[in-house]
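Student: Chain order of the listed sequences is A and B.
For the first sequence, the working numbering gives the first residue as 1, with consecutive numbering after it.
For the second sequence, the working numbering gives the first residue as 1001, with consecutive numbering after it.
FYI, nobody ran anything at the bench for these hints, they're computed from the structure.
Certain hints may be false.
Per the computed footprint, the stretches of chain B lying under chain A, defined by three or more beta-carbons under 8 Å from a beta-carbon of chain A, are [unchecked claim]: (1) 1040-1051; (2) 1068-1077.
Taking lysine to aspartate or glutamate pairs in the EDC-like style, the calculated list, with each CA pair at most 20 Å apart, reads [claimed, not checked]: (3) B:K1022 x B:E1066; (4) A:K44 x B:D1009; (5) A:K41 x B:E1008; (6) A:K78 x A:E68; (7) B:K1022 x A:E42; (8) B:K1049 x A:E42; (9) A:K41 x B:E1066; (10) B:K1049 x A:E107; (11) A:K44 x B:E1066; (12) B:K1058 x A:E83; (13) B:K1077 x B:E1066.
Fair warning: this is a prediction, and the values are worked out from it, not measured in the lab.
Note that CB positions come from ideal geometry on N, CA and C, so glycine has one too.
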Amino acid sequence: EAGVTQFPSHSVIEKGQTVTLRCDPISGHDNLYWYRRVMGKEIKFLLHFVKESKQDESGMPNNRFLAERTGGTYSTLKVQPAELEDSGVYFCASSPLASGARPRYNEQFFGPGTRLTVL
Amino acid sequence: AQSVAQPEDQVNVAEGNPLTVKCTYSVSGNPYLFWYVQYPNRGLQFLLKYITGDNLVKGSYGFEAEFNKSQTSFHLKKPSALVSDSALYFCAVRPVYTGKLIFGQGTTLQVKP
């Protein structure tokens, strides 16, 4: 079974440019999460999709960040315009939807991350 | 504010010795607790979790973690370290009724031969 994949693995852009990150979750996983780790600090939550709906976007830093998950499959995270402080590693994770047979505390499966450098 | 603390940036141990990576948390209620490991150029891999029950949970690669409710701690342990255990370890907490994980800042484990 394929794991969570992210594209690109690295991106170097200049301040003011636009970048779009993509995440493909594990097939059948309705929960999709975005996280970010900036400069050796803790990994911080950005937002959570359940299928195509935003369940929680409390971690999105500002309106320069736009996440979408059309059709409830893959997701994109667009940063426009990028600023220096947006540099970091962006992780995507997925998990199955909780149900009677699947508990709420399933672990999340993480992708390898996209390293974004804004110059 | 809800938070997770990993007080050590780096832990150094000799191969064959026991290791402990510390984690404490400040989250209301009875959260779910996790440890993840990140090897170079790889994503985070799940190691183990505590939901309820026995305070000592066992996970992948011989790791275990001890939950202490009174100290709000969830320390990662292994009786005998291997050089291949060298990696970056993250403690994470999932508050009840939310899907998001709250992470600590990570601890680099260095196991020397």
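Student: Now, for every hint given, state plainly whether the structure supports it.
Tutor: Results for each hint:
1. 1040-1051: With 8 residues close enough to chain A, the hint holds.
2. 1068-1077: violated (count 0)
3. B:K1022 x B:E1066: holds, 10 Å
4. A:K44 x B:D1009: Measuring from Cα to Cα gives roughly 17 Å; hence the hint holds.
5. A:K41 x B:E1008: Given pair K41 (chain A), E1008 (chain B) holds - Cα atoms ~13 Å apart, limit 20 Å.
6. A:K78 x A:E68: The hint holds at about 9 Å.
7. B:K1022 x A:E42: holds, 15 Å
8. B:K1049 x A:E42: holds, 19 Å
9. A:K41 x B:E1066: violated, 24 Å
10. B:K1049 x A:E107: Distance ~8 Å between K1049 (chain B) and E107 (chain A) Cα, so the pair holds.
11. A:K44 x B:E1066: Cα-Cα ~24 Å, so violated.
12. B:K1058 x A:E83: violated, 42 Å
13. B:K1077 x B:E1066: holds, 8 Å
Violated hints for the displayed structure, listed by number in ascending order: 2, 9, 11, 12.
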